[in-house]
Amino acid sequence: MNKPEQNASRPPVGEVEPLTRRTFVKVGMVAAGAAYATALGYPIYRYLATPAERSAALAAVKELALADADKLPRESALMFKFAGRPAILLHHADDTWTALTAVCTHLGCTVQFDKERKAIYCACHGGVYDAKTGANISGPPPKPLALFKAQVLTGKVVISRA
Amino acid sequence: MPDLKRIGGAVYGWLNERLDLEAALEHARKKTVPVHKHTFWYYWGGISLCLFLVQVVTGILLMIYYRPGPEAYASVREITYEMHFGWLIRSLHAWAANLMVAAVFIHMFSVFFMKAYQKPREFGWWTGLGLLGLCMVFGFSGYLLPMDELSFFATKVGLSIPGVIPGAEKVIAAVVRAGAEVNEFTVQRFFALHVVVLPLLFIPLLAFHLFLVQKHGNALPPAERLKPATERRNIPFFPNFALKDLAVWLIVVNILALLAAFFPWQLGPQADVLKPAPIGIHPEWYFMSQFELLKVIGRILPGISGEVAGIGLFTVGMVLWGLIPLYDVETAGGRRARRATYFGLFMLLALVALTVIGYFDLK
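Chains C and B, in that order, give the protein sequences.
Residue numbering for the first sequence follows this note's numbering, starting at 2 and increasing by one per position.
Residue numbering for the second sequence follows this note's numbering, starting at 3 and increasing by one per position.
One chain only, chain C, in its complex shape:
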């Protein structure tokens, strides 16, 4: 319902329109709505994100002692959690030790030690990694498994970031 006097007050084409009350109210309403939505959305986001934040805090762990892991027999593996994610400790036939992340670099399945092939194997898509270096040998994995430092002491094995 445009009243004629309103039309008359419109500036000619090409000139910058002055800020009308209508525009002002419109922008104000949109801004208030956005502020309201943020005020509602932010607590909900933080509430949902709590466990993820916790596991991120766990990821800051630098070192971990595995009690009695030094008694792990040769040619066997021990699964453990490092910074909240799966990892694997291997005791090789030649008495050397390796600690690796156990998350396949392909699609994130947890890998396992394959005694017969003396390699690390991922059952999801058949990825194979070298048991000593974590290098990806065959199958789809694009990257090697990350190595940890494993320090074998009496009564425990200390795992730390390499």
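Calculated directly from the structure, the hints in this document are not laboratory data.
There may be inaccurate statements among the hints.
Said to hold, decoys possible - Here are the simulated distance ranges between beta carbons:
id	chain 1	residue 1	chain 2	residue 2	range
1	C	V159	B	E80	46 to 54 Å
2	C	A50	B	P266	17 to 25 Å
3	C	M30	B	A30	14 to 22 Å
4	B	F264	C	M30	26 to 34 Å
5	C	M30	B	F316	47 to 55 Å
6	B	Y344	C	G34	29 to 37 Å
7	B	Y344	C	V31	45 to 53 Å
8	C	A53	B	A311	52 to 60 Å
9	B	E80	C	G156	50 to 58 Å
10	B	K217	C	M30	27 to 35 Å
11	B	M138	C	A32	39 to 47 Å
Glycine included, every Cβ here is placed at the ideal spot set by N, Cα and C.
Could you slot chain B onto chain C? The hints should help.
Showing chain B alone in chain C's frame:
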């Protein structure tokens, strides 16, 4: 810059061709809401609906961390003290529950005094009473879920009241309480009731209730019905009344947020069957009047007979209340039946008085 108006128009056109949105909008524009000195009371159904929506959202959020069964208390503790803003979401849920029951009560009494239950709106009255009943069961079942001391004893007492009816105790123990005492199985089944069974009943009933409101529109209070049609004022439902409704919802949500933030809901110590009931324990305010009625009648008629008489009296009152559309029908001259209004005033007075006496009776 893309021409948003044109894109919006095209999308609307595409949808309209398939869903006939124009017809729905046309209906909303044609629908009117009467304006008179009692229009204020028309907002209370909408306020109840708004609070129900808050309950749905906050309830889903609580369910993300809540674990029924033996870990119930620990998980509510975690929500309240460890999850970011968990205390706020729990507070919102508890406050909105109380405000919703209050809004539904106000809605019911305003419908009663405006005689909005008269033909053709009888089913609106009955579905509304059903929704109120479900609300109370929502409140009762939800109250147990934290499994703190208060919720434990409130549920214990609440379940023992109908237990005085001969034969009822055995059924309650078997079906509701899952044993002689409130235990982790009770929480587990109250949880199932609260989040699955009740919503399954509530939502279709609410949909039907809202459909009836759309179908019949707002009822006029008796004084307005007497006026000739030309003297009555109306505003369009859309956008006029809808915008006012929205403004009221904003006020409600803001009040709710203030209450939840400044008076956060507390969590008591964990329920322990060996601990004595805390001094001053009492039911939630919306159960207080029924509780007090039993107490008062128990003093006049001691023992089981008093309890049964109390439950009986309460049941008779509820049946009379529910059947009001059948015996308070609109008269030809539009004259109000005074007796029905007195009955409503009596019920309102009894409800308020018993609730107030109930709180004084605690001391």
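Against the structure, the hints:
Between V159 (chain C) and E80 (chain B) the C-beta distance comes to about 32 Å, which lies outside the given range of 46 to 54 Å. Range check, A50 (chain C) to P266 (chain B): about 21 Å between beta-carbon atoms, so the 17 to 25 Å window is met. One distance hint, 14 to 22 Å for the beta-carbon pair M30 (chain C) and A30 (chain B), holds here, with the actual separation near 21 Å. Between F264 (chain B) and M30 (chain C) the Cβ separation comes to about 27 Å, which falls inside the hinted range of 26 to 34 Å.
For the pair M30 (chain C) and F316 (chain B), the supplied restraint of 47 to 55 Å holds, since their beta-carbon distance comes to about 49 Å. A hinted range of 29 to 37 Å for the beta carbons of Y344 (chain B) and G34 (chain C) is inconsistent with their spacing of about 47 Å. Checked against the hint of 45 to 53 Å, the pair Y344 (chain B) and V31 (chain C) passes, with Cβ atoms roughly 52 Å apart. Distance hint check for A53 (chain C) and A311 (chain B): the Cβ-Cβ separation is about 58 Å, which falls inside the suggested range of 52 to 60 Å.
Restraint check, E80 (chain B) to G156 (chain C): a C-beta distance of roughly 35 Å breaks the suggested window 50 to 58 Å. Between K217 (chain B) and M30 (chain C), the C-beta spacing of about 33 Å keeps the proposed range 27 to 35 Å intact. For the pair M138 (chain B) and A32 (chain C), the supplied restraint of 39 to 47 Å holds, since their beta-carbon distance comes to about 41 Å.
In summary, the structure is inconsistent with hints 1, 6 and 9 from the numbered list given earlier, while agreeing with the others.
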